[in-house]
Amino acid sequence: MFSGVRAEMSLGETYRAFMKKVRDRLPIERGNYPYVTARVKAKKALLLPKDTYVKLLQMSIPQIARFLGEGQYREEMLALGTRYSGVDLLEMATRNNLAKVFTQIIEFSESGLREMIARFLDRWDVWNIKTILRGKFCGATEQEIVEDIIPAGSLSKEFLEELVTLEKIGDIVEALEGTIYGLVLIGLPASLGDIRSLATYEDILDKVYYEYLLEAVPPTPEPSRLFHNFVRMEIDVINVKTLLRVRGIEEILERQIFIRQGLYLTQDELKEMVSMEMPALLERLSKAPFHSALAQYLAEAEPRLDLGIRSIEKWLLNQAAKGANLHPLSILPVLDYIIAKTKEVENIRIVARGKASGLNTDLIKEMLVI
Amino acid sequence: MVLTEYKPTRSQLLLVRRTLRMAERGHRLLKLKRDALILEFFNVLNRAKEIRSDIVKRYRVAEERLAIAASVEGKVGVKSAAFALLKTPQLELSSRNVMGIVVPKIEAQSVRKGIHERGYGIIGTSARIDDAAAAYEELVEDIIVAAEIETTMRRLIEEIEKVKRRVNALEHRVIPELKETEKFIRQRLEETERENIFRLKRFKAAGG
Chain A
395 MFSGVRAEMS LGETYRAFMK KVRDRLPIER GNYPYVTARV KAKKALLLPK
445 DTYVKLLQMS IPQIARFLGE GQYREEMLAL GTRYSGVDLL EMATRNNLAK
495 VFTQIIEFSE SGLREMIARF LDRWDVWNIK TILRGKFCGA TEQEIVEDII
545 PAGSLSKEFL EELVTLEKIG DIVEALEGTI YGLVLIGLPA SLGDIRSLAT
595 YEDILDKVYY EYLLEAVPPT PEPSRLFHNF VRMEIDVINV KTLLRVRGIE
645 EILERQIFIR QGLYLTQDEL KEMVSMEMPA LLERLSKAPF HSALAQYLAE
695 AEPRLDLGIR SIEKWLLNQA AKGANLHPLS ILPVLDYIIA KTKEVENIRI
745 VARGKASGLN TDLIKEMLVI
Chain B
23 MVLTEYKPTR SQLLLVRRTL RMAERGHRLL KLKRDALILE FFNVLNRAKE
73 IRSDIVKRYR VAEERLAIAA SVEGKVGVKS AAFALLKTPQ LELSSRNVMG
123 IVVPKIEAQS VRKGIHERGY GIIGTSARID DAAAAYEELV EDIIVAAEIE
173 TTMRRLIEEI EKVKRRVNAL EHRVIPELKE TEKFIRQRLE ETERENIFRL
223 KRFKAAGG
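Just so you know, the sequences run in chain order A and B. With our numbering applied, the first sequence has no gaps in its numbers, which climb one by one up to 764 at the end. With our numbering applied, the second sequence has no gaps in its numbers, which climb one by one up to 230 at the end.
Note that these hints are calculated values from the structure, not bench results. There's no promise every hint is true.
Said to hold, decoys possible - Which stretches of chain A does chain B cover? Using the computed rule of at least three CB atoms under 8 Å from a CB of chain B, they are:
| hint | region |
| --- | --- |
| 1 | 530-538 |
| 2 | 569-581 |
| 3 | 592-600 |
| 4 | 699-707 |
| 5 | 749-762 |
Note that this is a predicted model, so its numbers are computed, not measured. Note that CB positions come from ideal geometry on N, CA and C, so glycine has one too.
Kindly generate the complete structure, drawing on both the sequences and the hints.
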């Protein structure tokens, strides 16, 4: 009798596993792709065109605020206009809008698609947790930390704000119990004063996010495969950016600074490249599709690292746009929009903060990823 | 006038003459020292001017990089990256001798750091923070050099002032006074000698 139940259970499990396998192998697209991609395309049309940034650069901060207040950021500008002004208003309004839009996308997507988008947007959870920890570590006020939070991931705004009010790191870790981040932070000392550095934990949080993201989304069927490949390309870009920053510092290899499962470069290859001179490194990267984007700035006698990094970021942006055009009914248009929207908010912040700090217009233009 | 301090004797005259010679030699040497110190001061001044303008330039660059980092990473990101620093710069103070003046020698350690020594996460931060941190490290290095040079300059100014006061005192007070004293003693001795000769002549005439 007992063994019969076990046999039944195992049969059920086998059936479920079999069905999962079938679903994964067959090109069954789980999720409301046509609806979501149509909504996202409509949203993408609202993004600022490239030439608008040139206009923004000629404007003063109040003029930029007014210009943005007349477009898609109107609601946030009006809501925050009484509490903030100047650059802070611009930054807060664009961030709140970003969080709102991303939450909307999760809300109107369904099934497997929703799962993938939510996992992808969990990067904001990582950002928020890091912001809270950093803020606590450096003694920022609760208000300052809350202002830097972008509730665009799975963790709700209320939950994040509750985390900010907790005084002990131990309490924050306890509140995050059950999430992947809780596991990462479990080694942190409970008291703030005992923390020597957050660097290792910050790096692990980022790595765990990407590893969990790839694990959660199987590499088949087709939409998942496209998503998988895009995330792996993003990992490559992050790893190359890290590589360029730590080049020549072999001591850094004691820390695990490269994320696993890049599409073109393995962790071992990246580790080898840390000690290479720039020409040898570029030679080694010659097979990667982003090589030309990097080489135009790094092959010079005096490599322009900042421009190289910006160029590779642009390359990823273009890859997302290209993928979205090639696969209009896949997850790629959504990812393309998410990345483009994030870049738009970052670009607005760069223009606003750059102008407020009196930076040269050409320099601000150089920093924009458009 | 210090003439009353001296008795008009031959030994006193010799003593005054010796003192005068020494004062004149001292005056000459102090003048040489003053000129050399002024020369050294101008050298240090040029270096101080250079380092000052370097500091101004580097400060502008550092401010610009910080503004860039703040625009890319946000205020909290930059602030927490700054607080993440594990090794604070260590300063070692020693002294060296420049023409008899003790000036400080400042040696700094752990000012310029590698990205792995700055204490912040690498994957989640951007190269803009590295640039801002590197710019401020260079600025701090320059400030330490400037502190050394400017302290040397201040000590040189103090020493030049001191030497100048001594030279002036010797030139306008001590040497003229000694010359006056020497003249006074010499004249008194000559006077005494003349008196003696006259006295002897009177004795001779009276005896003759």
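Stated coverage of the region 699-707 of chain A by chain B [criterion: 3+ residues, CB within 8 Å]: Result for this restraint: holds, n = 3.
Coverage claim, chain B over the region 592-600 of chain A, checked by counting residues with Cβ within 8 Å (three needed): holds (count 8)
When I compare C-beta atoms, does the region 530-538 of chain A have three or more residues closer than 8 Å to chain B? Contact hint for the region 530-538 of chain A vs chain B: holds, 5 residues under 8 Å.
Stated coverage of the region 569-581 of chain A by chain B [criterion: 3+ residues, CB within 8 Å]: It is violated, with 0 qualifying residues against the three required.
Three residues or more, CB to CB closer than 8 Å: is that satisfied between the region 749-762 of chain A and chain B? holds (count 5)
The earlier numbered hint that this structure contradicts is number 2, and it is the only one.
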